[in-house]
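Residue numbers (my numbering), protein chains in the order written: chain D, 1 to 379; chain H, 1001 to 1236.
By construction, these hints were calculated from the structure, which means they are not laboratory data.
Since this is a predicted model, take the numbers as computed values, not measurements.
By construction, the Cβ of each residue, glycine as well, lies at the ideal position given by its N, Cα and C atoms.
Any given hint could be a false lead.
Said to hold, decoys possible - If we take Cβ atoms under 10 Å as the criterion, some of the chain D residues that face chain H in the derived model are:
no.	residue
1	Met1
2	Arg7
3	Thr10
4	Ser60
5	Ala290
6	Leu376
To be verified - From the structure, some residues in chain D lie toward chain H, with a derived Cβ separation under 10 Å:
no.	residue
7	Ile3
8	Glu281
9	Gly289
10	Phe294
11	Gly324
12	Asn326
13	Gly377
Said to hold, decoys possible - Just the calculated beta-carbon pair ranges, DEER-fashion:
no.	chain 1	residue 1	chain 2	residue 2	range
14	H	Glu1134	D	Val350	35 to 45 Å
15	H	Pro1129	D	Met273	53 to 63 Å
16	H	Glu1134	D	Gly293	21 to 31 Å
17	H	Glu1134	D	Thr279	47 to 57 Å
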Amino acid sequence: MWILARRGLTRRPIRTLLTTLGIVVAVASMVIFLSLGEGIRKVFNDELGGIGPDVQVSLSGFTQGFAPQPNLPQSTVGDIEKLAPELGITRVTPVIMSVRGSLDPSQSAVLYGLPAEQGINAVFSNVAIAQGRLLRAGDSGVAVVGAKASTNLKLSLGSTLRLNRRSAVKVVGILAKSGGLNDSFIFMPLVTMQAAEGAQNRVSMVAVKLDDPKAARRVADQLAKTLNLEAQTQGDFLSFADRALKISDAVRFGISLISLIVGGLAVTNTVMMGVFERTREFGTLRAIGARPGFVRELVLTESLLLSLVGGVGGLLLGLVGIWGVNLYTQNLAGFDAAALTPRLTLLALVISLLLGLIAGLLPARSASRLSINEALGRV
Amino acid sequence: MSAVSPSALLVTSSIQLQTEALSRTYPSGDGQITALRPFSHTFAAGMTSVVGPSGSGKSTLLNLLAGFDTPSSGAVRVGDTDIHSLSEAGRADFRLKHYGFVFQSHNLVAILSAQENVEFPLMLAGVPPRERRERARALLSQVGLEGRTHHLPSHLSGGEAQRVAIARALVGNPAVLLADEPTGNLDTRSGEIILELLTRPAREGKTVVLITHDADVAALADHHLRVRDGEVTVER
């Protein structure tokens, strides 16, 4: 059966090759599109434990996205500190965040202000200095720059970074490359950033460290209830990010579905043409004793074989595409945005086979229902 | 895959082929065209020729005998089995087990070699690869093609391809061999070889039905039927 199917496909090699290429491109585009979600998911899962606070308190949770507006009164810090002994809170860090956007993605960075005396390690335990120094008590008008931000914005020790028309900071330290999101961060003292943003006594959120991170859910609920604010754990952030990624996955899958449908139609066309061309041959097979089911399986096998080869080829081309995407995002932000995970590999192969199955159903049905007389030209 | 027992193909069998008031009509406008008038006959072992002009109903008769077409009335019995009472798959199995076919055009599968074409019915029957290879080679040797086993049909002459088709028809050791103008596309010498190959199973006691419009070819048969305007008569 496999030999017959394989030779059936190779009898018109150019047509088969072109159809296979159609599937290769369709599957590759799906793999590349979906690998973006997988890569970002991987970055979040791998790094959040090292970078995020156990609990973060803000005015409106994640509804404002990754960097909330500085609209939370700084007095919240005092309110939380009062509850610290009762809730097992070891550190309370006010944070102000802002995204410095640009039409050129490589010129974008996240500005992150936190109390200089607490230092960057208060929230990001995994950062290390490469050049210069970290933030320290009494600092003002200075910045410590992530490795990628330093390269992209061409900032070196002693450089001046303009935050806006009125404010500028001097670079006093450059962080070692961590391979994570914070490579694109620019850290500065809370007061400096509040002044630049015109947000005196206001913060984006308050980061809370616990002596027992497992109690984060309970503490977050307690803080939210007592302070009438939003309090999220790392798990909340991950599930928020996961929800966002799932929506994004669905949109990207929808886009790739178009190319998959086109690929499927190409398979149907190729297999159907093969059936038309081999009408007499199928009639002969039926005449000498092949059941209708045999002919149906033969045509379906051809369709599945075509899709499987296309699927494997699509995965390989997808890998090349992922490599290209990662080359770009590594250069841009210092992390791999795309990843080919086992579940994506499996999904691509299953979708390819499903595509072959659906595309082959109509030709297989036609072939198995041929009248022997008509197929052999005996009427 | 067919459910036919492999061993069933290897036992020489002699089963009677019979028709009982077999007829075929086709609708045409308001009326009907009679392609075959009711015909009852028992095909004796050996070769039976069916002669008649074009459009007389020869092919209709063969289509009904083979189970390719459904009769308007009557039955085709092979042994105790009315082949038209079987399901589509059942008829396919029955053909595989009891019938061999030789068509005017060799009708070989273009992507399979001569040997693979001959092996094909055995593959359908689930015969193990080694056994079917041996049987196919033996059959190809019997038809004088031992040196051409790996050639594709496109690399064989018309006569050689028809000999492969005969080997394919005989490889399952069928009781009934149906041949429709098997020499129609061949030169005289190749035609003689094919006829010689077809008379062998007839001499071995199989039922060979040979459809032809050539009186010289028909003369080689043991029994003779003539078809004219759908009416089949037995010639003595």
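Cross-check of the supplied hints:
1. With a cut of 10 Å, the hint placing Met1 of chain D at the interface with chain H holds, because the nearest CB-to-CB distance is about 8 Å.
2. Residue-level restraint check for Arg7 of chain D holds (minimum Cβ-Cβ distance to chain H is 4 Å; threshold 10 Å).
3. For Thr10 of chain D, the shortest C-beta to C-beta distance to chain H is roughly 8 Å, which falls under 10 Å, so the interface hint holds.
4. Here the hint on Ser60 of chain D is broken, as its CB sits about 65 Å from the closest CB of chain H, past 10 Å.
5. A least Cβ separation of about 6 Å between Ala290 of chain D and chain H falls short of the 10 Å threshold, and the interface hint therefore holds.
6. For the restraint placing Leu376 of chain D at the interface with chain H, the shortest Cβ-Cβ distance is roughly 7 Å, inside the 10 Å limit, so the hint holds.
7. Given hint, Ile3 of chain D at the interface with chain H, holds; its Cβ is 8 Å from that chain's nearest Cβ, closer than 10 Å.
8. Below 10 Å, beta-carbon pairs count as interface contacts, and Glu281 of chain D has one with chain H at about 6 Å; its hint therefore holds.
9. Here the hint on Gly289 of chain D is kept, as its CB sits about 3 Å from the closest CB of chain H, short of 10 Å.
10. The interface hint given for Phe294 of chain D is met, as the beta carbon of that residue sits about 7 Å from the closest beta carbon of chain H, less than 10 Å.
11. At a threshold of 10 Å, the smallest CB-CB gap from Gly324 of chain D to chain H is about 39 Å, leaving the interface hint violated.
12. A cut of 10 Å between beta carbons decides the hint on Asn326 of chain D: the least distance to chain H is about 43 Å, and the hint is violated.
13. Checking Gly377 of chain D against chain H by beta carbon gives a least distance of about 9 Å; that is within 10 Å, so the hint holds.
14. A hinted range of 35 to 45 Å holds for the C-beta pair Glu1134 of chain H and Val350 of chain D, which are about 41 Å apart.
15. Checked against the given bound of 53 to 63 Å, the beta carbons of Pro1129 of chain H and Met273 of chain D, roughly 31 Å apart, lie outside it.
16. At roughly 28 Å, the beta-carbon separation of Glu1134 of chain H and Gly293 of chain D lies within the given 21 to 31 Å, and the hint holds.
17. Hint check: Glu1134 of chain H to Thr279 of chain D, Cβ distance near 33 Å, so the stated range 47 to 57 Å is violated.
Checked against the numbered hints given earlier, this structure breaks hints 4, 11, 12, 15, 17; the rest are met.
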